Each structure stands twice: as C-alpha cells, then as structure tokens.
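Student: Going down the list, the sequences are from chains A and B. One point on numbering: in our numbering, the residue at position 117 of the first sequence is 117, and numbering is uninterrupted. One point on numbering: in our numbering, the residue at position 25 of the second sequence is 25, and numbering is uninterrupted.
Since the hints were made in silico from the structure, they are not lab data. Note that the coordinates shown come from a computational prediction; the quantities given were computed from them, not determined experimentally. It is possible that some hints are incorrect.
Label-pair ranges, simulated between beta-carbon atoms [what the hints assert, rightly or not]:
1) B:A18 <-> A:D18: 20 to 28 Å
2) A:E100 <-> B:C51: 16 to 24 Å
3) B:E38 <-> A:E24: 39 to 47 Å
4) A:K47 <-> B:T37: 36 to 44 Å
5) A:E24 <-> B:C51: 41 to 49 Å
6) A:L62 <-> B:S21: 16 to 24 Å
Ideal Cβ positions, reconstructed from N, Cα and C, are used throughout, including at glycine.
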Amino acid sequence: MRRYETLFIVTPDSSEEDLKAVAEKIQGVVTGMNGKLVNYKEQGKKKLAYNVKKQNKGYYVLMDYLGLADLVAELERNMRLDERILKYITLKLADTVDPEDFEVQEPEPSEDTESVAEVEPEVDETVETQESEEER
Amino acid sequence: MRRRRRAFPRRKVCRFCADSSLAIDYKDPKMLKYFVTERGKIIPRRISGNCARHQRRITTAIKKARHIALMPYTTIQPH
Ligand SMILES: [Zn+2]
Numbered sequence: 001m002r003r004y005e006t007l008f009i010v011t012p013d014s015s016e017e018d019l020k021a022v023a024e025k026i027q028g029v030v031t032g033m034n035g036k037l038v039n040y041k042e043q044g045k046k047k048l049a050y051n052v053k054k055q056n057k058g059y060y061v062l063m064d065y066l067g068l069a070d071l072v073a074e075l076e077r078n079m080r081l082d083e084r085i086l087k088y089i090t091l092k093l094a095d096t097v098d099p100e101d102f103e104v105q106e107p108e109p110s111e112d113t114e115s116v117a118e119v120e121p122e123v124d125e126t127v128e129t130q131e132s133e134e135e136r
Numbered sequence: 001m002r003r004r005r006r007a008f009p010r011r012k013v014c015r016f017c018a019d020s021s022l023a024i025d026y027k028d029p030k031m032l033k034y035f036v037t038e039r040g041k042i043i044p045r046r047i048s049g050n051c052a053r054h055q056r057r058i059t060t061a062i063k064k065a066r067h068i069a070l071m072p073y074t075t076i077q078p079h
C-alpha cells in the first residue's frame, strides 16, 4: 500500500455536527475503498491567505492514510463534489508501506514528507579545527 | 563607496544542508514565510543562500502552501 496525506479546508460556517458529518463521510471513503486511516486531525479554523469560494476562513483537516491510487481518485472526486469542502491537496508520503506497521487512528508525530533517515552525525575530530588552535 | 548589499545576509552554506533537523514542510507557512518577499514572491537562491536542491524543495513547498491557501500567491491582488 501507499501512504498519503490529504489536507483539506471545510467551509467556516460549519457547525460541530457538520464537521463530524464531513469526517464520517471522508473516513468512510477511505475504508470503503479498502484503505486504512492512520490519523484524522481537525486543525481548527484558520484564516485563509486568499479567499476561496468567497470565504476568508476555513477549518483545516489533515488526514493521513494508506491506500492505492484509486482511493485517492475517489476521495478527490468526493471532495470536488462536496460543497462543504473548499479545497484540498494530496501528497504521497511513501510508495510501499506495510499496513501492519500502522495502528489505526493512533496519532503519531507526522514525519517529513521526504522521509530522510535520521542518522546521528558522527563527530569527526579532523574537520575544521583552525579556530580552536588559537586558544592557548 | 560601499553600497549596502542586502538585508538578507549571504550564507556560506545552505542552512538546510548545515542543519539536517530543519524540515521543509508545506504545512508550515511560518517557516516558509522566511523565503518569500513581503509581496509573497519567492526569494531567489542567490539571495537566500540555499543550495539548488533545498531551494527546489522550498519552492515546491511554497507552491503547495499557496494552493491550499496557507500562503498568498501575491499580496497585491488577492484572488
Ligand atoms: Zn542545501
């Protein structure tokens, strides 16, 4: 499976219930297309950098999930047709992941889009010591 | 006669190469804001001092941030 994230904006006049309805629908698309939801995070209402569909604010939601390309197509089709959703963007985070490695809905600190392996830098004593020479 | 060259100090090395803990994320407009002008235009790398690879990542991130309305395309004429 592939790992994706979709960040989308829900119309600012949404009630708590509307947000819940959007969440259920969107998450339903993921599971309905044999995807696996990793995390669904409502980030709250934010001011938009420019007006979108005549709105200057919106609720941002970040969803992290696993699935195949057809899931993304279906998800975006749903978002395009849903008037409550102002805009969306989808990124592929990883090409091949094992779904077993992910716990459903367990919020994790999200990793960098381009997963750079964190390697402890080795201390190389031989580099750049000119300055410390003077200290005696 | 010396002219003051830039407000943005020229760096010897790209800050992202120098510090691998600095992440480039389109969802972080506060950080990306540092790489655009007041009008929202992307600062060229000869001024920002980024290497080609990281400038490309910054540019890509800014474009994504613009798309999802986290950053403006321009502050002159907002659409
Ligand atoms: Zn660099």
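Student: Check the following: the C-beta atoms of K47 of chain A and T37 of chain B are separated by a distance inside 36 to 44 Å.
Tutor: 20 Å, violated
Student: Please check whether E100 of chain A and C51 of chain B have a Cβ separation lying inside 16 to 24 Å.
Tutor: Violated - the Cβ-Cβ distance for E100 of chain A and C51 of chain B, about 38 Å, lies outside 16 to 24 Å.
Student: Do E38 of chain B and E24 of chain A keep their Cβ atoms within the hinted range of 39 to 47 Å?
Tutor: 42 Å, holds
Student: Would you say the C-beta atoms of E24 of chain A and C51 of chain B sit inside 41 to 49 Å of each other?
Tutor: Because 45 Å falls inside the window, the suggested range holds.
Student: 16 to 24 Å was suggested as the range; check whether the CB atoms of L62 of chain A and S21 of chain B agree with it.
Tutor: 22 Å, holds
Student: Between A18 of chain B and D18 of chain A, is the Cβ distance one that fits in 20 to 28 Å?
Tutor: 46 Å, violated
In the structure shown, a violation is registered for the earlier hints numbered 1, 2, 4, in ascending order.
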